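**Student:** Chains as they are written, first to last, in my numbering: chain A, 15 to 487; chain B, 211 to 512; chain C, -15 to 255.
Note that these hints are calculated values from the structure, not bench results.
Please note: incorrect hints may appear among the correct ones.
To be verified - Only pairs whose alpha carbons sit at most 20 Å apart, straight line, appear in this in silico SDA-like list of lysine to any residue: (1) Lys474/A / Phe271/B; (2) Lys123/A / Asn20/C; (3) Lys418/B / Ala404/B; (4) Lys147/C / Gly222/B; (5) Lys112/C / Gly245/B; (6) Lys237/A / Lys25/C; (7) Lys237/A / Thr346/B; (8) Lys80/C / Phe271/B; (9) Lys123/A / His149/A; (10) Lys470/A / Asp278/B.
As the structure is a prediction and not an experimental result, all values here were calculated from the model.
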Amino acid sequence: MSGWDDLYKRTMAESKAMKEKISRRQMMKIMAATATTATVGMGSRIASADTKGPGWYTDDKMKGKVTMFVSAGQRWELPARGVLPLFNERFPNIEVDIQAGPHGEMVTKSMMLATSKSSAMDVLYTDFGQWPAFHAVNAMEDLEPFASKDPGWYDDYNKDTPTGVQYRVPANADGTLYGLTGDGNAKLHFYRQDLMHAAGIHKVPETWEEALEVAEALHNPDKDQYGFITTARRGGFAGWVFWGMLASYGGEWFDKQAEGGWHPTFNNDKGYKALETLMKLMKFRHPVTLNATDNECNTALANGSAVYAPIQWGTAVLQNPEFSKFPNDIGTDLVPRGETAESAHRPLMGGLGQYVSAYSENKEAAWEWIKHLNSGDYTDSRISDAYIEHTGQPARISMLNKYENIRPHFAGLKKSFPVAVSFVPLIPEAFTLSDIIGNEVTSVITGEKSIDDALKAMDKGVEGVMMDSGYYG
Amino acid sequence: MTHKSILRLSEGRIALFLVLPTLIILIGLAIFPLGWAGALAFRVENLFRPDIGKWVGFRNFKYLLTEDTFWKSIRLTLVWCVCVVSIQMALGFLFAMMLDTRARIVGVLRTLIVIPVFISPIAMGLTWQFMFEPVTGVINYCLELLGLPGGTWHTSTDTALMAVMIADIWQWTPFVTLILLAGMQGISPEVIEAARLDKVRGWKYITKIVIPLIWPVVMVVLLLRLVDSIRIFDLVYIITRGGPGTATLVASVYDFTIFQAGRIGVMAAYGFLILIVINLVVILFLRLLYRQEKEARIVQKA
Amino acid sequence: MRSPIRKAMDIFVVFIVAIYLAPIYWISLTSVKPMNEINSKEPVWFFEPTMEHYVEAFERFEFGKALLNSSIIVFSATIITMILALIAAYALARMKLRGADVLSLFILSLRFMPGVVIAMPYYLMFLKVGLIDSHIGMIIVYVGYGLPFAVWIMRGFLIDLPKDIEEAARLDGLGWMSIIRRIVLPLSGPGIAVTAIFTFVFNWNEYLFALYLTQANAVTLPIQIAKMVDAYTVLWGTISASVVMQLVPMIVVVFLLQRHMIRGLALGAVK
């Protein structure tokens, strides 16, 4: 019996439990029971070295404390806590202290931690879109000396992790490794299979035109069923919806991301087309759309008041029976593309990862911890199991493949990663720029500005920031 | 004679000595950070690019003053203040009048009604967001049960400000009630008895007896609420983050979103502009109040 | 003894208060509702109650620790603020100090800056002296931030006290300390109560400074509640459970303080 069979059994027990409406207490009992049988099973397998991969080793001489800052909640804090017991098994004398902060303030808080030059944090688990900013203040430790000590592991990491989320300076295969990105995400296309079938649509929309037709067909406000939802809240939330659509029309942030370039390119046909399409979709929007973060969108999709989200960050909650009313009806696919010649499927991609602070006083231990966190099956398949079980969303293709059965949206992620583009330009100012474009997008959606004015303002705002940062010489 | 003059001579010094601990703390914890922020206001500073800081004179101020969003945020803050404070004062007074009896059940209610004050705005903001939800929220559900049309609440530009105001009014009216009630309970029974004998009732009783007697308390609450309303942050930030669009972008929320975008220079400049505006409003308000208070006292004495 | 009109009034008052507190009822209900009943298209009124959110608040969000932190920090800060404010306000209100009016207005104006603007300098200052994520650091912040307003309100109350009583006491040969202890303190009871409640509530609810200046040791309740919102879901049940749990001690405190305050105010109204 392989590792995921156990996990699969447990997840099935979970979903069955919910369907029979038994309390969570009872469900925990069931889970505990299956877990016990699983560990008993594992015990025999450990004897046969079944779960351990080629990268397994232990070290009880390494000592010290590793403090890690992480964004609170599922996908980051919980998986880290999930794989911790196994780390303690491998390194009994290293103490790992996981300190979580509210997700909403992660960007500013971690930036302040990174610039503080303090040794209080050994590891920061943050958005890799921020890493250029961290790197610019020399907060990140060069990981090559550590990684090269275990070439087998390094090779496995490189091969298994999509290049789009790997963080190297400069950003190519030969660049220096500064952080490990074991977590990945992409904007996905969430749809309700049952309702689409009922409406006579048997094909997942390919283009925005088709997406519009689906939104219209499923839109039925009298029955509290809305045909479109997305994260249109002020700031980056709205900005990344727009940038995602712009990318699918073949647009770019800048004329060229190199010296002599860096001039924003929003105010053109592609920008216009993207905003215009967004406005058309907005006709079918769920009422909370204008104020929605991922939380509101997921809640609406899970309770069935919103039924179609063609551009939405990937998440497991919609297919989780404990949260969603339609765990088996929600399908995922690639974000639609534009209809023009330059259009293509270009979903946005992001990810979070860990780096070792340059001011850490315990870098060796910190490295072992983040290496463990990113190991997957290469070290021990129990790491992967724990990671997935505790809401983790891996970037490693092998893990996406392995757990696709119990986490259906992994299929969508797997399809998206090879064609994806970064959700922010990889420069320190990324979040400043995202805020600028996001606020302009909301001003169009709320009717405060025309599309043309907003696009002009985006160009002007972005250019101002780039000018101050000295990109134009 | 000499004894008295020695006393006088030392009074100013003693006073200074007594104020000193407060002043020292404020110099360290208020004036110094303010000075720091003041310097930032004249600089380009990006949280994400600490290396590009440079002096730019009044550019941040100029940028803000030419921004429509800046003026809108000032306007929204003033509208917010006027609406929220006046409704809270009126409603708080009404509640205080209702609860100003000595019935035992009312004693319990008095404790119950202050509950909202003690819920952290973060939790309450999230709860309001949950209850306001236009499709699945409990508020629209109840309205529909009563045969009334549901609202769009915090999700539409037309109603968002009102929705957030409701949340704020709900949370802080009990605070006003609590303090006004304390004032009312302090009115001596003789005065109430005398009023009853003179057949002073209803509206006249309120305006001629209650309000003048609790006027100092009213002023304190008014000022407290005014200043806190001008600086309103948590509730709006949690419920709408200033949106949809710029519909609820009050001063502190706008400033915080500027900070989140990393533009520390602009953030500091905005902070100082707000500081000036609020000081103007408060000084004007205090002048008006103190003049009224003096008049009220003269009336009272006459 | 009581007229029927009075009784009808009382019932009406109870009704109004009940409506007003409906959101609290909803919060309590949510705190014992299973997760997938909370997230439903129509509000669910009948369900099998569960304590899972309470367990989660304690186990995953260390509610007990946060409550303890909040209590230590907020009570200490409020007491220190009150002592300092009372002394300073007394000097500004009752003693001949040149420029007292301007000075108090200046002190007040320090509170009008949006919190975020001084959060950064605080962070950097505290980093230098090693006060990040410490109880003492948070107490210092709250004292510094609450003091201007406390001084201002206390001064307002003290100015209103009749001057002749104090004058008479002075003629009787009482010293500064005895005047403050025997005359000013009892007379300014309501002022102290109002200011203390205000300072307490402000510190209890404060979010921004706690966000940037605490990490793990000294985290306060609002920060723990903010953590219940993660990137994909809001744990409404857990949030409601923590609201309910922090309300219980609060109600006790209010009940005690309120009696005190009303008695104090009755005294203050002698003028």
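**Student:** Straight-line Cα separation of Lys123/A and Asn20/C no greater than 20 Å?
**Tutor:** violated, 32 Å
**Student:** Between Lys147/C and Gly222/B, is the straight-line Cα distance small enough, at 20 Å or below?
**Tutor:** This hinted pair holds, its Cα atoms lying about 17 Å apart.
**Student:** Hey, Lys123/A versus His149/A, does the alpha-carbon distance stay inside 20 Å?
**Tutor:** Holds: Lys123/A and His149/A sit about 16 Å apart, inside 20 Å.
**Student:** Given the hinted pair Lys474/A and Phe271/B, is their Cα-Cα distance within 20 Å?
**Tutor:** holds, 18 Å
**Student:** Hint check: Lys237/A vs Thr346/B, CA-CA at most 20 Å. Holds or violated?
**Tutor:** With a Cα-Cα distance of about 12 Å, the restraint between Lys237/A and Thr346/B holds, given a limit of 20 Å.
**Student:** Compare the distance between the alpha carbons of Lys80/C and Phe271/B with 20 Å, and conclude whether the hinted pair is satisfied.
**Tutor:** violated, 40 Å
**Student:** Within a Cα-Cα threshold of 20 Å, do Lys112/C and Gly245/B meet the stated pairing?
**Tutor:** holds, 17 Å
**Student:** Given the hint that Lys470/A pairs with Asp278/B, does the C-alpha gap stay at or below 20 Å?
**Tutor:** Satisfied, since the Cα-Cα distance of roughly 15 Å is no more than 20 Å.
**Student:** When you check the alpha-carbon spacing of Lys237/A and Lys25/C, does it fall within 20 Å?
**Tutor:** Holds: Lys237/A and Lys25/C sit about 11 Å apart, inside 20 Å.
**Student:** Regarding the pair Lys418/B and Ala404/B, is the alpha-carbon distance no greater than 20 Å?
**Tutor:** holds, 13 Å
Of the hints listed earlier, those the structure fails to meet are numbers 2, 8, in rising order.
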